[in-house]
Amino acid sequence: MTDIALKMVFGERAKYAMLVSGICFSTILMTQGLALFFGILGFSYATATNVRAPIWVVDPLVQQVGDNQPLRDTDVNRVRSVEGVAWAAPLYVGGAQARLLGGGATQPVTLVGLDADTLAGAPTKLVAGDVQDLRRPQSVVVAEQFVEMMQRLRGERLRVGDVFEMNDRRAQIVGIAKTAQGQGGASYVFTTWDRAREYAPSQRRMLTHVLAAPEPGRSDREIAQVISERTGLRAITEEEFKRMSSHWMLVNSPIPYVVGLIVGIGFVIGLGVSGQTFYTFILENTRHLGALKAMGTSNLTLIRMVMTQAGVVGVVGFGIGVGVMSAFFSMLPEGRAPLRLLWPIPVIVFGAILFICSVAAVVSSWRVVRIEPAIVFRS
Amino acid sequence: MSSVSSNLAANVAVHLSGVDKSFRNGDQVTSVLKQVQFTANVGEMVLVVGPSGCGKTTLLSVLCGTLKTDGGEVVSLGHELHRLPPAQVTQFRARHVGFIFQQFNLLPTLTVAENVAVPLRIQGLPLREALPRARQLLERVGIPEKANELPSRLSGGQQQRVAIARALVHEPALIVCDEPTSALDSATGHQVMELLHEVTRDRRRTVIVVTHDPRIYRYADRLAEMEDGRILRVETPADSVRIPPTSFSL
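Quick note, the sequences are listed as chains A and B, same order.
For the first sequence, counting from 1, position 115 maps to 1296 in the working numbering; every step adds exactly one.
For the second sequence, counting from 1, position 151 maps to 165 in the working numbering; every step adds exactly one.
Be a bit skeptical, because a hint or two may be false.
Derived DMTMM-like pairs (lysine to aspartate or glutamate); straight-line CA-CA distance at most 20 Å [unchecked claim]:
1) A/1359 to A/1396
2) B/82 to A/1553
3) A/1188 to B/185
With the Cβ distance kept under 7 Å, some of the chain B side facing chain A (calculated, not the full set) [as the list claims (entries may be wrong)]:
4) 91
5) 107
6) 108
Don't read these hints as lab results, they were simulated from the structure.
Just so it is clear, CB atoms sit at the ideal spot from N, CA and C, and this is done for glycine as well.
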């Protein structure tokens, strides 16, 4: 009877299209909301994504990646002296203002100062230039987003070799990197630790982080714990740093409410529109279902038919919705939009769609069970 | 088989005894069947006639097991429907009853052949086995070329032929028809009744027809006239002598 159930749905094209559209729209809204959520979370810990290091050592007061509390310069050597640490390197992360030569508006950037000897934490995905050239005077590696931002001001694209200003000092581009975009839309500029002191606004202490790695055979987590115990600083793995940042955003920002609203609207639309349309579809087919019942179809079979119809509508609508969103996301410039279609999103949305379809099917099944087979004899 | 069914003569297909049925609408209770006695024999076509609201359709629903009675006994093809649990009544309908409805009730999104195959599918036959049998029946009712059409492309008469094929495809012993000609013009109505008469007679099937249409009375072996929830009389179409229901015998 499954094929009969499916033909009943597929055959009524207008209703089928409406059912699938409702589920599809609901899927799109929920997927977009969750992708936005994960995207914004990703922005919140972009520094930890762009500066790769197994262990991050920060001030104990730091609660999230964007919180740059200064450390003492001697803290680098304190970390290096901990047993089990393979290497430790200073890092500066802070805000700066960039401007094209010849004046014009300034643009906020996130300035990253790397250890000149090791270039630990340097970007790995370069679309132009060479990160080793950071050792040359006045050199910087900029993010692709920075190039696009400046292009909007200058009218033409910055290339390797072009020069701009930060804090009235020349900065020559030696590389263009693919990076994740940071909070507030600020793009990343990488240089060496010493040079960052010149580009950044003057302050007493410049060290914001110490990057470290464990010796071979020791785990990141184990050594991070040892560093914390020996130095009194907070040492955490990259993943822990990201998680801590995500948690901070969840607790302290309005993002969960905004995203929750979007996802909630998607869910309500799915439940309201699709659920009601499906119930109406069952109501309109009462006579046919009654005929099947009169001819000896059991309630269990009819319930299975209704469940199949709801399930197929849900899967098709979900598939189209996720497909549309995947295509849409693939067209967006990488790293620019705060949208990340991570694998848990389709799983969560599919669960929500299944719930919507189950509710619609259960309510409709209740109706089907209550159909009197004798209804078919009424004109 | 219990005492009621075992006491019935072998040629009795349907037997109703002292059947009551009422419907409640708020505080108002309407008694639709009142102590109804009715019998139909094997191989017989009985037409149930009478004015609107007299209980014809309720009688039909009760004797085929789509409606439970409030009281009395309903024995169809040896099954005591008044005693059976709902699931077994459903199985009874699936195996033993063919239905022909006033509005045909064909599933609009299935082809004609698929519609005819529905009773076989309900019994669990796979489509590949059910379809050839459905096509045979379509041939028998004279519309084999319509097998792959949708019902909406057929005339009323053709749709009722499909309904007849659907009612026969699983070889039921009892066929119930609710106003089978009311949606058809006179000529088509006669064609449909002739077809029904022909295809049911050869297998000794019992056919119960509820109708308002006096033009088809001549197809009946017997006419049961109802009024106000009771069977007033049962007669043969040619019979000028009216038999009171109390003396109605098989």
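> For the pair supplied as a hint, residue 1188 of chain A and residue 185 of chain B, is the alpha-carbon distance within the 20 Å limit?
Replying inline: Violated - the C-alpha atoms of residue 185 of chain B and residue 1188 of chain A are around 26 Å apart, more than 20 Å.
> Holds or violated: is the Cβ of residue 107 of chain B closer than 7 Å to a Cβ in chain A?
Replying inline: With a minimum Cβ separation of about 4 Å from chain A (threshold 7 Å), the hint on residue 107 of chain B holds.
> When you check the alpha-carbon spacing of residue 1359 of chain A and residue 1396 of chain A, does it fall within 20 Å?
Replying inline: Since the Cα atoms of residue 1359 of chain A and residue 1396 of chain A sit roughly 29 Å apart, the hinted pair is violated (cutoff 20 Å).
> Going straight from one Cα to the other, do residue 82 of chain B and residue 1553 of chain A come out at no more than 20 Å?
Replying inline: Roughly 10 Å between the alpha carbons, so the hint for residue 82 of chain B and residue 1553 of chain A holds.
>> For the restraint on residue 91 of chain B, tell me whether the closest CB of chain A is nearer than 7 Å.
In response: violated, 14 Å
> Can the hint on residue 108 of chain B be confirmed by a CB-to-CB distance to chain A that is less than 7 Å?
Replying inline: holds, 2 Å
The earlier numbered hints that this structure contradicts are 1, 3, 4.
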